[in-house]
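Peer 1: Next come the chains, spelled out residue by residue.
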Amino acid sequence: MTSLISPATSDKAAKVMLWVSASIAILTLLFILGYIVVQGLPVLTLSFLLESPRLSGAEGGILPAIVGTFCLMLVALLSAVPIGIGAAIYLAEYAPVGVVTRIISFGVECLAGIPSIVIGLFGYAFLVIYLGFGFSIISGGLALMFMILPWVVRVSEESLKAVPGGLREGSFALGATKWQTVSRVVLPSAVPSITTGVILGVGKAIGETAVIMFTAGSSLLMPTSFFDPVRALPYHLYILASEGISDPMAYGSSVVLLVMVLVINLAAVAIQRHYGRHHVRN
Amino acid sequence: MSEIEIESRNLDLWYGSAQALKKISMAMPEKKVTAIIGPSGCGKSTFIRCINRMNDLVKGCRITGELLFEGADIYGNDMDAVELRKKIGMVFQKPNPFPMSIYDNIAYGPRVHGLRNKEELDRIVEESLKASALWDEVGDLLDQSAVDLSGGQQQRLCIARTLAVKPKVILFDEPCSALDPISTAKIEDLINMLKHDYTIVIVTHNMQQAARVSDHTAFFLLGELVEFGKTKQIFELPDKKSTEDYITGRFG
Amino acid sequence: MKTSERIIEILLFLSAATAVMVVALIIIFLLKEGIPVLAKVGVANFCLGMNWNPIAIAGEPSYGIFPMIVASFYVAIGSLIIAVPLGITCAVFLAEIAPSWARSILKHAIELLVGIPSVILGFIGLVLLVPFIRDHFGGWGFSILTGSIILAIMALPRIISISDDAIRSVPREYKEASLALGATHWHTIRKVILPSARSGIVAAVILAMATSIGETMAVVMVTGSPSILPDPIYDILDPVRPMTSNIVLEMSYATGDHASALFATGIVLFVVVAVLNIISHKALKSKMGTRR
Ligand SMILES: Nc1ncnc2c1ncn2[C@@H]1O[C@H](COP(=O)(O)OP(=O)(O)OP(=O)(O)O)[C@@H](O)[C@H]1O
Ligand SMILES: [Mg+2]
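Protein chains in written order, with this note's numbering: chain U, 1 to 282; chain R, 1001 to 1252; chain B, 2001 to 2292.
Any given hint might turn out to be false.
To be verified - Only part of the chain B face toward chain U is listed, based on derived beta-carbon distances under 10 Å:
(1) 2005
(2) 2087
(3) 2096
(4) 2266
Unchecked claim - Calculated lysine-lysine pairs in the DSSO-like style (CA-CA distance at most 30 Å, straight line):
(5) B:2040 with U:15
(6) U:12 with B:2191
(7) B:2285 with R:1059
(8) U:204 with B:2282
(9) R:1230 with R:1094
(10) R:1168 with R:1230
(11) R:1023 with R:1087
Said to hold, decoys possible - Here are some chain U residues pointing at chain R (derived, C-beta under 8 Å):
(12) 97
(13) 170
(14) 172
(15) 174
(16) 175
Simulated from the structure, these hints should not be mistaken for laboratory data. Everything numeric in this text was worked out from a predicted model, so none of it was measured. All residues carry an ideal CB built from backbone N, CA and C; glycine is no exception.
Please work from the sequences and hints to get the whole structure.
Peer 2: Put into structure tokens, the structure is as follows:
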């Protein structure tokens, strides 16, 4: 058997196969993106972006959904960033090695592994019902926070640990306290990479649907306060598609969502480039 | 004879279960330069990091014996490490300017100690840069990032930063080992100037440097203080065989 | 001064403890909501029951999610059967063969793919794949196969990047030793590099399985909704209802015991995913252990 195919030939064949499978992966991706964009572009008009939906979204635009998504992200960020960075500072700068720290790190790992639908269920039982926040931006935003918190903690912790130890020593040697050292030297040095990480986290959260389904509500009205329900863009897309309301509108919403994700990721890359050389202004 | 500023008596130090310093007893006089020499790993850095309690940051580091600064026990219960470090500054082997402007680097110390007055800060920055012979080179570039300076300039900036806190003692841990000969000469000149106002303890691998800048020299070997005395005497007429071997380059 | 430092440290500690508290709250609330039904029908009956009939018009409602547990594993394993070979070959390609331009294209493509929201993949599955399967393979189009393919597309980037890391961390000397003995590059990849990277790849695969089982939006739009086992059991063109779909499809109108049963579904899902995550962690750890 082996004599039929020489090692050199099988080497060649295998390499061809590897090229082919990599190409399949790329082509699948291109096809998916291309298909959505081609189908969605005709729908993308200014009025689609700036009008409210009519007939459950079969006509009109998606402005309330865009605003809703934006508000949810805002709440999620405003809560996840301080808590996440605080946690990372504790883990990277303060925590004594030992049981407590291990439990905390384990908790962060656990939270990261919980399926988003379970977080959605929890958000419904805890935020919507138990705390009485109802279906609202607050409930949805906090549920999203539970989801991105582990990510924020992890990227912040890594960024802090990457700050050279010499800077800490330099600050301590000048008689600075621990918190002065952390807040004035270590944290500012880590801010660019933390920012990049947090923005990437937003990119992950923005398309998240299962978490907000049972927490943010599905109202198509423009929210007037943070206790109003909203229907985020990905959920709107789900309803349009699964209830067969309108495929064109669903394509349009998909393109808008994809563009948001793309812009967010490009922003993260841009920030990383810009701050490639660490320098902090006071 | 000048007063004793820092004195250690039977100082022992362990990292975990490994003993890094054994019964170190020596007295460093005020406004003099004390050099600490010895082969790599003999505990030089460990010793001077005790003096401003930088070893507090090292987990598992344990100290017994006495270490006195102006007669007060550095490791005593009523000694505040933060207050102590205001009086005992330190310059490290690798220049470690903060990633901020030159001005902010030097104003850092006074600011963390509560100084907000702009004129006062300006004055301190100028004085410190002049005292560290950096003013002529960077006086016009105070807003520039400190990490853009050359290695030698960065090290002098770190010295200026230390001076801005107005310490009594400055510890130098191999301040020139990452620098070129010209920058090294500048820093040695600087140390010779500073010793009129400050008590200086310097760790160095460079025997000539120790001979040039110091008044007293301590020779460490494997965590023990082998010999301590006037620099001239240590270099010309050492008591111990191992000191002589080290100074003449016969080992280490 | 000292007290303010202390207060700050306490605040930081509380932030750090948030994640643990949230996990604890999640467990508490899932149990609180799910236990009524679990107590009523029994854990074994709930997990192994064949009948899901939560709103019985006549007679007792029944809560058995066995078909859904099977469905979750079915689509997840199906996705692995597609994604693992493709993913590993792509990773081998990336790590061993790709010229730098191809590597950078593939790397960027992977990042893009990770970024596509799952609801969009589900939508694409609904409008493209479901009709395609229906027309070319038969059945409803909503099927185990459709779900597996969509989940495979989601799992692919993750498998590629972790396997790529695992392959790259194989010591260079192994490879050089093999090449020096006259083995071809492909032979070296197959006999030396892949076996050394195995535990890392296994961890990646288990992790992908956990993620696939927990995935919701992409699945609910393409697998259909019947809460029964496929018939015959190996018919991958039959529609199924994985656990995540069960929650999404009924949560909006469920009340009382019915809602409780959905929370109980969440508990089972949580446990399954947690166990897989732990196994994956262990696999990675053991790899670290042997590398010393
Ligand atoms: N943080 C630490 N934890 C454990 N052991 C340490 C630590 N720092 C130093 N040591 C050990 O203590 C001993 C003394 O180290 P130290 O850094 O003081 O030597 P040194 O004389 O400054 O050497 P060099 O000239 O290389 O700087 C060495 O054996 C070293 O391995
Ligand atoms: Mg040293």
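Peer 1: Now tell me, hint by hint, if it's right for this structure.
Peer 2: Outcome of the hint check:
Annotation: interface hint on residue 2005 (chain B) holds; nearest CB of chain U at approximately 5 Å, less than 10 Å. With its C-beta approaching chain U no nearer than about 8 Å, residue 2087 (chain B) sits inside the 10 Å limit, and its interface hint holds. Interface hint at residue 2096 (chain B): satisfied, since its Cβ lies 8 Å from the closest Cβ of chain U, which is below the 10 Å cut-off. For residue 2266 (chain B), the interface hint holds, since its Cβ comes within 10 Å of a Cβ in chain U; the closest pair sits about 5 Å apart.
A C-alpha spacing of about 59 Å is found between residue 2040 (chain B) and residue 15 (chain U), which places the hinted pair above 30 Å, so the restraint is violated. Distance hint between residue 12 (chain U) and residue 2191 (chain B) is fulfilled; the C-alpha atoms sit about 16 Å from each other, no more than 30 Å. Distance hint between residue 2285 (chain B) and residue 1059 (chain R) is fulfilled; the C-alpha atoms sit about 25 Å from each other, no more than 30 Å. This hinted pair checks out: residue 204 (chain U) and residue 2282 (chain B) have alpha carbons roughly 26 Å apart, not beyond 30 Å.
Only pairs whose Cα atoms come within 30 Å are accepted, and residue 1230 (chain R) paired with residue 1094 (chain R) is accepted, the gap being roughly 28 Å. In summary, the hint linking residue 1168 (chain R) to residue 1230 (chain R) is supported, as the alpha carbons are separated by about 22 Å, within the 30 Å threshold. At most 30 Å may separate the alpha-carbon atoms for a hinted pair to count; residue 1023 (chain R) and residue 1087 (chain R) meet this at roughly 25 Å. Annotation: residue 97 (chain U) was flagged as interfacial toward chain R, and the flag holds, the nearest CB pair being 7 Å apart, inside 8 Å.
For residue 170 (chain U), the suggested interface contact is upheld, since its CB lies about 4 Å from the closest CB of chain R, less than 8 Å. With a least beta-carbon distance of about 6 Å to chain R, the hint placing residue 172 (chain U) at the interface is held under the 8 Å criterion. For the restraint placing residue 174 (chain U) at the interface with chain R, the shortest Cβ-Cβ distance is roughly 4 Å, inside the 8 Å limit, so the hint holds. Interface restraint check: residue 175 (chain U) against chain R, minimum CB-CB distance 4 Å, threshold 8 Å, status holds.
Consistency note: the structure conflicts with earlier hint 5 alone.
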